[in-house]
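Peer 1: Here the protein sequences line up with chains W and G, keeping their order. Going by our numbering, the first sequence opens with residue 1, and the numbers climb by one from there. Going by our numbering, the second sequence opens with residue 342, and the numbers climb by one from there.
Quick caveat, the hints were computed from the structure, so don't treat them as lab data. A virtual CB, placed ideally from N, CA and C, is assigned to each residue, including glycine. Honestly, I wouldn't trust all of these hints.
[Claimed, not checked] SDA-like cross-link-like pairs, simulated, lysine to any residue; straight-line CA separation at most 20 Å: (1) G:K456 - W:L188; (2) G:K456 - W:R192; (3) G:K605 - G:Q729; (4) G:K491 - W:A204; (5) G:K456 - W:D205; (6) G:K777 - G:R718; (7) G:K491 - W:D205; (8) G:K456 - W:G194.
[To be verified] Take a look, some chain G residues computed to stay more than 12 Å from chain W by CB distance: (9) R349; (10) D367; (11) D405; (12) S413; (13) G451; (14) E464; (15) K562; (16) M569; (17) I731.
[To be verified] Which chain W residues face chain G? A few, computed with CB under 7 Å, are given here: (18) G195; (19) T210; (20) V270.
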Amino acid sequence: MNNVLNRMRWQYFTLRNPYLFSLLLLVLAMLVNLFFQPDLLSRGSLNSNMRVFLPLVLVTAGQAVVILGGGIDISVGSIVSIVNAILATQLGSNASPEKIALMLGAVLLVGMAAGAINGFFISYLRLQPIITTYATSFLYAGVALFILPSPGGAVPNGISSFYRETTPLGLPLTLYVIPLILIAWYLLRQTRYGGYLYAVGGKADAAYETAVPVNAVQFSTYVISGLMAAFGGIAITLLTGSGSATIGADITLTSITAVVIGGTALRGGVGGVAGAVLGAITLGLFKNIISFANVNLWWQTFVNAAIIVVALAAPGAINLLRRTIGSRTRQHPTTGQERQA
Amino acid sequence: MSVSLSARNVVKRYGGVVALSDANLDVHSGEVVALIGANGSGKSTLSKIINGVVVLDGGQLLLDDKPVHFSSPQTAKQMGIATVFQELSLIPQMTVSENIWLTREPLRGGLVDHKNVRLRTEELVALFEGTHKFSLHPDSTVDALPPDEKQIIEVLKALSSDPRLIILDEATASLDSRQVQRLFELVASWKQQGKAVVFVSHRMEEIFRIADRFSVLRNGKTVGAGLMKEITERELVGLMVEKATATSVVQRQRQVLKKNGDQKIRLEVHDLRTDLLKGVDLQLRDGELLGIGGLKGQGQRDLLLALFGDLPYTGSVVVSGEAVHFKLPRQAIEKGIALVPGERAKEGLLYIRSILENLMLPSWAKFGIPLHIGKARQAASEVSNELQLIMAGLEEPVSSLSGGNAQKVVIGKWLLRNPKLLLLDDPTKGVDVGTKAEFYRLLARLCDNGTAILFYSSDDEELLGLCDRVLVMHDGVIRSELSGESLTKSNLIAASLGASNASLHEDPSSAAGHTYERRDADESSTAAPGPAGAGETDPPSESME
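Take these sequences, add in the hints, and give me the full structure.
Peer 2: Written out as structure tokens, the structure reads:
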């Protein structure tokens, strides 16, 4: 009985606090970063860091919604690229404010449309999410290349510097976006839709039998992910001020890693967007640390990857440790279910 | 509140398999209708049609005398139909209150009103107060709860929508007697409120306790309906059993199998326990085909998995005269044990890999380093000939095979290792009739060659046709052992429902003249009173209890 109680407590704990580990990791990354870069929290470096992190944070938030719903979106990077290509070619350096607003609206729609295509294949035609979005990632990458065959293009200086240099109340503009994402997520979580998301990701059959509109929920997660990728594309365009059809290529797997580091299970139904945002910032800090630690260039990828692997393995290692210590519970070798020995 | 629901001539096919051919059900306000039938008679399918999870292929549903079409569970739910599912519809990672209120969360200003949710959850949980070990906390994660509490949550979840019609699909299976009592009190109050209840159950005692009317399904057809007070248990079982049993496929092959009293004991199990098993004893000799029967989920799967080292257990297991305690399937395989698992696509085969690879998987070590592919292919084609495998070639993926042929591959992969003990977990599920017959011949041949086979089947006909001895499991123990004369279909069904050896013997469908009361005169009755047809004074053969 004790055993059962223990289990209840532990599961209760980890399910209720899925962000705890990512928060710890974030604090750790920050401390190490402070060691290498003592002025990390100064206005200048905060600003320069946050504007670099923001695209990933936005994309990761969308990715987290998809993964929570039991899917995965490999096409987010290509959507970022499309958005970047459209903005860089359509705006030029002298676009009028009206045109800017119009184009920003248009790229958000493009992102949602790309997500809707993914969602249609996955939720209504029942195709595998990973394969479908892998395939559409090439499709979207192709569209981006078609729009912008070689790197170039530009956006008006005004909006670019607005993104980079505005500091309302002394804090960088980009820093305000994060609480906005978190508030939006908190509100979403409080709606019925929020519950549906966890239900569909947790056990789609049971959700269906409970009259949850499973297909619609799955579909919507990809639309949200497409929208967030479009926001990410806007951010990255404002950051770089120019266009490249492959600019988003790296962001896909990084966003998935950030989601996992943030405590969201890849099988869906456990975790949340807040943790994913923390995870994205943590990954950004890792990159910072490496560049400040003066490691050889060819070591950088290695160290970065090693840190990620360790971060990913840590929860598993903690679990293993817990099981070994608590030898009264035994793990079923194939199903992973705990059984009383 | 008033409601009436009728299902008329409902037909449902899954591919070529007819699950329901002519199912009928009527249920009205203020009554409990028991939906009864043997394994695979279509009870679950019919209840899933009523609640919209499955869409019917023919026939009609009438709700309040108007035809309705349920294209999804949402539609049925809006009409006030709720279900307590046998395989629970709870989301493991979500909390008790989130699960109960999913899709109907009380809102305030568009957002979920957590305070209200919590309050109303506590009200609901209070209905079962005092019947569970741990206090059911609204914020507990469902995953961490024991089965009975999950079942209670499932009941509360159905109740939370204040439905007009409630389907209880084996809702009592994991509840203890106190919880069942509480549930039945609730059912009584629902009746008073004018709700209608469909009670799907295997437990005769409970059916007689709460049902007002019954409807019996047999092979997807409604074969009888009426008032509970006008029928006896024995007559009900008689309705469930087919009178002219179709043994055309399962020819009484057991004559082929030689008597094996003098064979040596291959497997001896004593007091085997897992989470589900509560002490199983059995003995299996070489060349014997020992059947395991009973309702689904009474621990048969656990028994086979434990013997194969795939599930932690306590108790003693003696294989070929040697005491063993397997922790891994590999150890069991080394002792000549083979398992044909229940879900062949998931557990038994590498579906997208070739037939050759699947056949060779447990035996690659025999073919040396580097592998003698030629020899392996030779061996594989011999096995596939022996199995009469219908295939385009050994290189074809297993997924290209029909269900029956795929199952032959699962067995075939063990044949190369000459298993001494074969464990079969419902091997003919989803296998076509022709292949079944070949499959039975294969089993008979293996037995003749001295292989000991432990054969769980959900198909009673198979057990009757193939086995000399059948152990019927109920609630984690072997409730009765049927052999020889006592191995009849009605005994098998009665034993599945929880009757012990003592109260079984004669086929009730042929014993219409016997009076029901004779059971009370049966002095030799030792254990739990059997619900189904008793009335025979022969002493019990041997009880495994």
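Peer 1: Identify every previously stated hint that the structure contradicts and give their numbers, smallest first.
Peer 2: 3, 5, 6, 12 and 13
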